[in-house]
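Chemist: Following the hints, complete the assembly by docking chain B onto the known chain A.
There are 2 protein chains.
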Amino acid sequence: MKVLVLGGDGYLGWPTSMHLSAHGHEVMAVDNYLRRRLSREEDSEALFEVPNLHRRAQLWQEKSGKSIAVRVGDICDWDFLAGLFGEFRPDALIHYAEQPSAPYSMKNRAAAGLTLQNNVMATFNVIQAVHEFAPECHIVKLGTMGEYGTPNIDIEEGWIDIEHKGRRQKFLFPRAAGSLYHTTKVLDTDLLWFYVRTWGLRVTDLMQGPVYGLETYENRGDESLYPFFNYDELWGTVINRFLVQAVAGYPLTVYGKGGQTRGYLDLRDTLQCLRLSVEHPAQAGELRIFNQFVETFSVNTLAEMVQASGRRHGIEVKVNNLPNPRKELEEHYYNPAHTGLLELGLQPHRLTPERMDEMLSVIQRYKDRIRTDCIFRNVRWNR
Amino acid sequence: MKVLVLGGDGYLGWPTSMHLSAHGHEVMAVDNYLRRRLSREEDSEALFEVPNLHRRAQLWQEKSGKSIAVRVGDICDWDFLAGLFGEFRPDALIHYAEQPSAPYSMKNRAAAGLTLQNNVMATFNVIQAVHEFAPECHIVKLGTMGEYGTPNIDIEEGWIDIEHKGRRQKFLFPRAAGSLYHTTKVLDTDLLWFYVRTWGLRVTDLMQGPVYGLETYENRGDESLYPFFNYDELWGTVINRFLVQAVAGYPLTVYGKGGQTRGYLDLRDTLQCLRLSVEHPAQAGELRIFNQFVETFSVNTLAEMVQASGRRHGIEVKVNNLPNPRKELEEHYYNPAHTGLLELGLQPHRLTPERMDEMLSVIQRYKDRIRTDCIFRNVRWNR
Chain A
1002 MKVLVLGGDG
1012 YLGWPTSMHL
1022 SAHGHEVMAV
1032 DNYLRRRLSR
1042 EEDSEALFEV
1052 PNLHRRAQLW
1062 QEKSGKSIAV
1072 RVGDICDWDF
1082 LAGLFGEFRP
1092 DALIHYAEQP
1102 SAPYSMKNRA
1112 AAGLTLQNNV
1122 MATFNVIQAV
1132 HEFAPECHIV
1142 KLGTMGEYGT
1152 PNIDIEEGWI
1162 DIEHKGRRQK
1172 FLFPRAAGSL
1182 YHTTKVLDTD
1192 LLWFYVRTWG
1202 LRVTDLMQGP
1212 VYGLETYENR
1222 GDESLYPFFN
1232 YDELWGTVIN
1242 RFLVQAVAGY
1252 PLTVYGKGGQ
1262 TRGYLDLRDT
1272 LQCLRLSVEH
1282 PAQAGELRIF
1292 NQFVETFSVN
1302 TLAEMVQASG
1312 RRHGIEVKVN
1322 NLPNPRKELE
1332 EHYYNPAHTG
1342 LLELGLQPHR
1352 LTPERMDEML
1362 SVIQRYKDRI
1372 RTDCIFRNVR
1382 WNR
Chain B
1002 MKVLVLGGDG
1012 YLGWPTSMHL
1022 SAHGHEVMAV
1032 DNYLRRRLSR
1042 EEDSEALFEV
1052 PNLHRRAQLW
1062 QEKSGKSIAV
1072 RVGDICDWDF
1082 LAGLFGEFRP
1092 DALIHYAEQP
1102 SAPYSMKNRA
1112 AAGLTLQNNV
1122 MATFNVIQAV
1132 HEFAPECHIV
1142 KLGTMGEYGT
1152 PNIDIEEGWI
1162 DIEHKGRRQK
1172 FLFPRAAGSL
1182 YHTTKVLDTD
1192 LLWFYVRTWG
1202 LRVTDLMQGP
1212 VYGLETYENR
1222 GDESLYPFFN
1232 YDELWGTVIN
1242 RFLVQAVAGY
1252 PLTVYGKGGQ
1262 TRGYLDLRDT
1272 LQCLRLSVEH
1282 PAQAGELRIF
1292 NQFVETFSVN
1302 TLAEMVQASG
1312 RRHGIEVKVN
1322 NLPNPRKELE
1332 EHYYNPAHTG
1342 LLELGLQPHR
1352 LTPERMDEML
1362 SVIQRYKDRI
1372 RTDCIFRNVR
1382 WNR
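Protein chains in written order, with this note's numbering: chain A, 1002 to 1384; chain B, 1002 to 1384.
Watch out, some of these pointers could steer you wrong.
Intra- or inter-copy, both count: the list cannot distinguish identical chains.
Below, computed lysine-lysine pairings styled on BS3-like, alpha-carbon distance capped at 30 angstroms [unchecked claim]:
1. LYS1258 - LYS1108
2. LYS1319 - LYS1258
3. LYS1166 - LYS1328
4. LYS1108 - LYS1319
5. LYS1258 - LYS1171
6. LYS1328 - LYS1108
7. LYS1166 - LYS1258
8. LYS1368 - LYS1108
These are computed hints drawn from the structure, not numbers from a lab.
Note that this is a predicted model, so its numbers are computed, not measured.
So here's chain A without its partners, still in its complex pose:
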């Protein structure tokens, strides 16, 4: 299939592009390097330099013999986006092209405005371009489990049947997200759902949990093909960041009581989920929603797992319980459904001690590059 990967330079975008290419799909990867620019501006560089997207595609071709087309530009620029559809008629597109950091979106007004503007208008342009140029194209959109927040009832897979005063109706499962970033994903879902109903678009919206990992089947042992790996509070997700903190001897930063529970998944499982979604398209007029994670952990449990892995490597890992800078429940019910992707064929990887140790060992190779002064960012939700 011909697959357009928007945000193809990102932590997920580049591994996804290689993975789809390895599985015989024709990939065009598109990015405007917004993520690179912002992490540089914030002095939040990744653990190691990664080549630019053109260079990455060359390296991938040298390794695999397969080519990935690259275009650099901003999909909020209509002419650029329309041009992509002019030269590459995608069967599917993966829309990763959003500002992805929750703390960045809460940092100040300018960062919040950039996040809202970029994420909502990018999604709007994608919808319009598909309708105008490729109405059969399947939109695979990255949402987040964070759209749901932490309600006191079971989280179903995107939808809920409500019985109320003797009548019934199926609705989008109600959303209540925990940051502006997560809220922009709620707005995206609302926009997609409206245009699916109105124009009969085919959309898969993936409610993903936090991802961990660095190596995939495509880049294993080949550092030049690794994705960004951030470890600061702005851009680094919790498991990756905790592992770096452990290696650096920087106490793990647990916010508040640490009972915050989320659904996590291995980077390799993200790639499977995206590929399975692409290879099994939604129907015309269908907004198909999957909850994309493998297992749930509380922050305290993750901290204990990282401590245990540290012990096995002869590292003593401390934990520092900080006042919570976020506005969130620190102890809560959490029972989200996640069967749809398993039914499509997902073979999940689990966060075993072996996996933890393997990641920790890779990070140890980069120990000298870790800048501990960049980790703590103190972005408070209520500034």
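Modeler: Here is chain B on its own, set in the frame of chain A:
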């Protein structure tokens, strides 16, 4: 109280500004004339010219002895908005400053993009400005009953308690709007709800139905103080438009089966609802939602009521059933709650034959100004 009326030049904004002024509030009315510009561009001029906002305020002062401050500018421009808070510390603000036409928002990509961009970023700026400059200021936001769509269960007043698998949670009542315009109001609600939870803003979100009418207690018999009165399919709401069509001998344009049912209210009741909301503020950290309408009618019923009024004026009114250009249910369940504003003291006006006849008589004075070639616009939802 000091009240900032954003969108103070509009069909609701100007009557609201006068009404609050008449009731002793200190009003600053703000507008960027977007609505005037768009209706001119679309050749959808109102039934009569209205003076500009500065001139209107002068006329109001001459009539009432009360002053309304006027500022012309765009609240999507942060510096302009911040400047308003610098010179006028509002106790409350009314946020009407959005592109208000559903068909306009479905006309083409440019109109859709303008609607989304303007409405979402205006609301974002309002939230940021209140948080930064006047955190106690009560935001009274105009939403729409259209946010809910037409679900098969009773529509509650903004919120619903869901019992699911033996557990309970209160959620925003799920939204599923019928146009991009209505969807931008859903996005606004999501944004407001996020920042209410996070920053403790005080917000009243008014889910309003279509408004009809022209004369209020403040402008009665004084044409120079009338609001815009549009009668085309882009800017004219259904009752106003049907009355003009009746006077002009232009058959009433009923879409599809005509069973589409909505909650309507008299312009004078909108003013009461806004004033009551302002005078009884929401609590800090409260998103208070009211369903703002007085009675429900189907389109067929409205057409019959206009026909009857026509007969009483010696006019034969025809009905033309057109293929529905919209995507909507033409026969559906509709039972929305609307008790909150009555409890605050709303004294509703009903759409009696007398009221209908009164409006028809006013419009008859302008019969020569009606341009029947502007009425039908053929904006199809699925272009």
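Chemist: Between LYS1166 and LYS1328, at a C-alpha cutoff of 30 angstroms, which is it: within one copy, between copies, both, or neither?
Modeler: between (34 angstroms within a copy, 27 angstroms between copies)
Chemist: Regarding LYS1328 and LYS1108, is the shortest C-alpha distance of 30 angstroms or less found within a copy, between copies, in both, or in neither?
Modeler: within (13 angstroms within a copy, 40 angstroms between copies)
Chemist: From the Cα coordinates, with 30 angstroms as the cut-off, is the pair LYS1319 and LYS1258 best called within, between, both, or neither?
Modeler: Only inside one copy: LYS1319 and LYS1258 sit 16 angstroms apart there, 69 angstroms across copies, limit 30 angstroms.
Chemist: Checking an output row: LYS1368 and LYS1108, CA cutoff 30 angstroms. Within, between, both or neither?
Modeler: within (28 angstroms within a copy, 57 angstroms between copies)
Chemist: Treating 30 angstroms as the Cα threshold, decide for LYS1258 and LYS1108: within, between, both or neither.
Modeler: within (23 angstroms within a copy, 51 angstroms between copies)
Chemist: Could you place LYS1166 and LYS1258 in one of the four classes (within, between, both, neither) given a Cα distance threshold of 30 angstroms?
Modeler: between (39 angstroms within a copy, 28 angstroms between copies)
Chemist: Measure nothing new, just compare the shortest in-copy and cross-copy C-alpha distances for LYS1108 and LYS1319 to 30 angstroms and report within, between, both or neither.
Modeler: within (27 angstroms within a copy, 59 angstroms between copies)
Chemist: Is the C-alpha distance from LYS1258 to LYS1171 at most 30 angstroms within one copy, between copies, in both cases, or in neither?
Modeler: Intra 36 angstroms, inter 24 angstroms, cutoff 30 angstroms: inter-copy only.
Hint violations for this structure: none, all hints satisfied.
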